[in-house]
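Colleague: One-letter residues, chain by chain:
Protein chains: 2
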Amino acid sequence: MVSPIDPTSSAFLLAENRNMPMHVGGLQLFKKPEGAGRDYVRQMYEEMRDVEEMAPLFLKHPHRSVKTGGQLVWQPDLEFDIEHHVRHSALPKPGRVRELLDLCSRLHSTRLAWERPLWEAHLIEGLRDGRVAMYTKTHHALVDGISAMRLLASVLSTDPDKRGMPAPWGAQPNARRSRELDKAEASLAGVPISALRSAMGITADAAGMPGALVKTITKGLRNETSSLSLHAPRTMFNQSITGSRRFAAQDWPIERLRAIGKATGTTINDVVMAMCSGAIRQYLLELDALPDAPLVAMVPVGLNAKQSQVASSEGGNAVGAVMVQLATDLDDPARRLSAIHRSMKDGKEALSSMTPMQILAMSAIGQAPAILTPLLRMQGIVRPPYNLIISNVPGPRSTHYWNGAQLMGTYPLSIPINGMALNITCTSYDGNMAFGLTGCRRTVPHLQRLLTHLDTEVTALEKAAGI
Amino acid sequence: MVSPIDPTSSAFLLAENRNMPMHVGGLQLFKKPEGAGRDYVRQMYEEMRDVEEMAPLFLKHPHRSVKTGGQLVWQPDLEFDIEHHVRHSALPKPGRVRELLDLCSRLHSTRLAWERPLWEAHLIEGLRDGRVAMYTKTHHALVDGISAMRLLASVLSTDPDKRGMPAPWGAQPNARRSRELDKAEASLAGVPISALRSAMGITADAAGMPGALVKTITKGLRNETSSLSLHAPRTMFNQSITGSRRFAAQDWPIERLRAIGKATGTTINDVVMAMCSGAIRQYLLELDALPDAPLVAMVPVGLNAKQSQVASSEGGNAVGAVMVQLATDLDDPARRLSAIHRSMKDGKEALSSMTPMQILAMSAIGQAPAILTPLLRMQGIVRPPYNLIISNVPGPRSTHYWNGAQLMGTYPLSIPINGMALNITCTSYDGNMAFGLTGCRRTVPHLQRLLTHLDTEVTALEKAAGI
Numbered sequence: 001m002v003s004p005i006d007p008t009s010s011a012f013l014l015a016e017n018r019n020m021p022m023h024v025g026g027l028q029l030f031k032k033p034e035g036a037g038r039d040y041v042r043q044m045y046e047e048m049r050d051v052e053e054m055a056p057l058f059l060k061h062p063h064r065s066v067k068t069g070g071q072l073v074w075q076p077d078l079e080f081d082i083e084h085h086v087r088h089s090a091l092p093k094p095g096r097v098r099e100l101l102d103l104c105s106r107l108h109s110t111r112l113a114w115e116r117p118l119w120e121a122h123l124i125e126g127l128r129d130g131r132v133a134m135y136t137k138t139h140h141a142l143v144d145g146i147s148a149m150r151l152l153a154s155v156l157s158t159d160p161d162k163r164g165m166p167a168p169w170g171a172q173p174n175a176r177r178s179r180e181l182d183k184a185e186a187s188l189a190g191v192p193i194s195a196l197r198s199a200m201g202i203t204a205d206a207a208g209m210p211g212a213l214v215k216t217i218t219k220g221l222r223n224e225t226s227s228l229s230l231h232a233p234r235t236m237f238n239q240s241i242t243g244s245r246r247f248a249a250q251d252w253p254i255e256r257l258r259a260i261g262k263a264t265g266t267t268i269n270d271v272v273m274a275m276c277s278g279a280i281r282q283y284l285l286e287l288d289a290l291p292d293a294p295l296v297a298m299v300p301v302g303l304n305a306k307q308s309q310v311a312s313s314e315g316g317n318a319v320g321a322v323m324v325q326l327a328t329d330l331d332d333p334a335r336r337l338s339a340i341h342r343s344m345k346d347g348k349e350a351l352s353s354m355t356p357m358q359i360l361a362m363s364a365i366g367q368a369p370a371i372l373t374p375l376l377r378m379q380g381i382v383r384p385p386y387n388l389i390i391s392n393v394p395g396p397r398s399t400h401y402w403n404g405a406q407l408m409g410t411y412p413l414s415i416p417i418n419g420m421a422l423n424i425t426c427t428s429y430d431g432n433m434a435f436g437l438t439g440c441r442r443t444v445p446h447l448q449r450l451l452t453h454l455d456t457e458v459t460a461l462e463k464a465a466g467i
Numbered sequence: 001m002v003s004p005i006d007p008t009s010s011a012f013l014l015a016e017n018r019n020m021p022m023h024v025g026g027l028q029l030f031k032k033p034e035g036a037g038r039d040y041v042r043q044m045y046e047e048m049r050d051v052e053e054m055a056p057l058f059l060k061h062p063h064r065s066v067k068t069g070g071q072l073v074w075q076p077d078l079e080f081d082i083e084h085h086v087r088h089s090a091l092p093k094p095g096r097v098r099e100l101l102d103l104c105s106r107l108h109s110t111r112l113a114w115e116r117p118l119w120e121a122h123l124i125e126g127l128r129d130g131r132v133a134m135y136t137k138t139h140h141a142l143v144d145g146i147s148a149m150r151l152l153a154s155v156l157s158t159d160p161d162k163r164g165m166p167a168p169w170g171a172q173p174n175a176r177r178s179r180e181l182d183k184a185e186a187s188l189a190g191v192p193i194s195a196l197r198s199a200m201g202i203t204a205d206a207a208g209m210p211g212a213l214v215k216t217i218t219k220g221l222r223n224e225t226s227s228l229s230l231h232a233p234r235t236m237f238n239q240s241i242t243g244s245r246r247f248a249a250q251d252w253p254i255e256r257l258r259a260i261g262k263a264t265g266t267t268i269n270d271v272v273m274a275m276c277s278g279a280i281r282q283y284l285l286e287l288d289a290l291p292d293a294p295l296v297a298m299v300p301v302g303l304n305a306k307q308s309q310v311a312s313s314e315g316g317n318a319v320g321a322v323m324v325q326l327a328t329d330l331d332d333p334a335r336r337l338s339a340i341h342r343s344m345k346d347g348k349e350a351l352s353s354m355t356p357m358q359i360l361a362m363s364a365i366g367q368a369p370a371i372l373t374p375l376l377r378m379q380g381i382v383r384p385p386y387n388l389i390i391s392n393v394p395g396p397r398s399t400h401y402w403n404g405a406q407l408m409g410t411y412p413l414s415i416p417i418n419g420m421a422l423n424i425t426c427t428s429y430d431g432n433m434a435f436g437l438t439g440c441r442r443t444v445p446h447l448q449r450l451l452t453h454l455d456t457e458v459t460a461l462e463k464a465a466g467i
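As given, the protein sequences belong to chains F and C, one line each in that order. Mapping of the first sequence onto UniProt numbering: position 423 corresponds to residue 423, and the numbering continues sequentially without gaps. Mapping of the second sequence onto UniProt numbering: position 272 corresponds to residue 272, and the numbering continues sequentially without gaps.
Isolated chain F (complex conformation) (with noise of 0.2 Å):
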């Protein structure tokens, strides 16, 4: 059965290109039950491939011809072929997490054909320490990055004894799961898709771009009296992108930052940007590419009942745009910690007087930046008024299992685009805060530095705090 594509997904359909594949990714890792044989990983790969009925939203693909009017819409993969979707691979040896990276990046790096269903999923042996991981990949026009890990989360269990879980495509009869599903496919990123998708749809529909979102996205970043309108220097992150990636990721025990948060008087979140950004200023030092102004991120944050009344009446959670000056200019983590916690709670003010409109299309604009990124240049906004994105992404505070199989970590890769060649996505997890950075290859030489500096960040504020 064809069915129509709404603008959205359509948008993202379009917008990509081969230096801009529009898919996120995850890479989750799992411990082994007990008593797991040397065959576990093929039989889990194998429970994962035969699957006994799919869900819909992994079966559809999009297509476009003369007998559809030009238009783009879902049709049902009628040769349907699982093997090519789901996948078994392995690590080189010695089997170190640097050799999962390098798989993830490789394979984050390719495009999903048309052709297919816009997913695909590798399960992947040879870890040195055991354990067995999963990289996913799925097509922004399907699920973001948030709806993803739910999806995945409605096929975990927190009991180590349940058997019989099926995989996160396989069709599952259960209320829970198909609300579940519902929700994967109609929630971008918390902001319900609806009120996104009329948003959005205003410049995605067949006249062309833009329209009254434009405008207003375009009035909310030039009101010169909110802290919204920042000036965001340009860096090497703010450059055309090439097709290829690097993907790197790590941990850090969430008491820790909690830690830090209760001396210096800041929230965990406020710990996370001052991580991230103590380490992209050594990275930037190390290369000389340190700009005197301060960067400034876009971080998407939740909203409270009265600032999301578009969206409480869609029943879906509500998420607002704030940028956040980084405070890269300062050398002191104590004196940069302080800062962004001013400027996050500026910028959280500053939302709290927005309408809902401009608080939908800041939301957007965090959420579609591919899309919407190009519309304010076409507006005279030469520069997008950020340098990069970090998302702080809450997920499941307790251990959770896929047939016995111990969740241990789950990291996210996103998006990169044209002139934001860096995103950091972070997860919270079973006491851990997982950080997940995703980067053009070649404009963001080395990403993996940026892990060796997060490190260091950490126990800076942790001596700075008193700690």
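One or more hints might be untrue.
Which copy is meant is left open, so a pair is good if it fits within one copy or across any two.
Taking lysine-lysine and the BS3-like style, the derived pairs with C-alpha atoms no more than 30 Å apart in a straight line are [claimed, not checked]: (1) 32 to 93; (2) 93 to 162; (3) 93 to 31; (4) 463 to 262.
Keep in mind that the hints were calculated from the coordinates and are not lab data.
Fit chain C to the known structure of chain F by using the hints.
Modeller: Same frame as chain F, but now just chain C:
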């Protein structure tokens, strides 16, 4: 230094799209030398990665901009990143040939990006028999399958004790290597490149496509008096293709094929064709897709001195193309072999009556079907006059080594194109005949079954020949 791209290479670059990547591949299997340590593959990888100096062929990438007047040019990659090109991979357990072919299929499916030099090499560990595999992929604008093999051969030695040999992409001062590299750049499957390029140049120059070459081909193909003008039935192979590939490969002792040839008065090449014919017949029968009329294969053949007069003045070897009726309508292996032998003989005789320009044109169609097949269609020849290409490329006869690692086998991966979803290329090496089957994963389902059928067919031919 920017340099122009000749019309043939440009045509290969421009003919490419997501469904039809235009790179050739090679799979080599090596045996570790005596006393190789656990870390052997990593060391081999590092040796290949840490080349002292790169051959210029592997440093240039295509580029087109306003500055180049919209023309495609070769441009050196000033930020060349060898870790992007030379990769270390591994197979999941149980590490059978099946897992290796799966990985090669996947690697062969992705396009090379123009933003970087057009090649990749993957050193692969994890085969359960301890062998080491190498998959390489090079754009057809740089080399064809034969020159890629020559390039490999140029860094191998018959001396198992020789060390210090460079990777195929490493620059090497010694004269032999330079000569081989020149050849690789200068030769397109044995057709003297300058002749082919001038012929192709007629079509691929600024003004667009059809020209004298197409007229010549069309005339040759329509010549009713020659056995060149065969009717090829429509088959499942002659459809539009998708971008995913399946690769299968296996080898058989040449001694077995020679014995069949000797007992039946046919050549080894005839036996190779008969194996392909029997395997394809069985494959199509099982899918209930065998046409009544016999399939026709385009087979490149070597030319003698008289025939190759155009060629010889260029100092290269000459290759012509023969249309061979595969007798897939015949059930009996012996009758099929004999029919193929006659068809091949007729084709060669027809070739000898052709003018040098006609031979060159026939040869060009075999070497550049992706470019020339659409031209035929424009000339009113709706279907190409053959169903698939079967090449048989002679390789080294003796055992070769790379820094002590014995080359056990070498298998070619070729280019399926729209209307020609299956390609069979054979290469001989060290007493074995290797068959490399490359097909569109969707258009040619269960491609690997052809290997079983090839094996059944050898046995059937032996029985028919009374061996």
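Colleague: Treating 30 Å as the Cα threshold, decide for residue 93 and residue 31: within, between, both or neither.
Modeller: So residue 93 and residue 31 pass the 30 Å test inside a copy (19 Å) and across (18 Å) alike.
Colleague: Is it within, between, both, or neither for residue 32 and residue 93, if the alpha carbons may be no more than 30 Å apart?
Modeller: both (19 Å within a copy, 16 Å between copies)
Colleague: Which holds for residue 93 with residue 162 at a C-alpha limit of 30 Å: within a copy, between copies, both or neither?
Modeller: between (33 Å within a copy, 26 Å between copies)
Colleague: Go through the copies and call it for residue 463 and residue 262: within, between, both or neither, with a Cα cutoff of 30 Å.
Modeller: Answer is within: at 13 Å inside a copy they meet the 30 Å cutoff, but 84 Å across does not.
In this structure, every one of the numbered hints holds.
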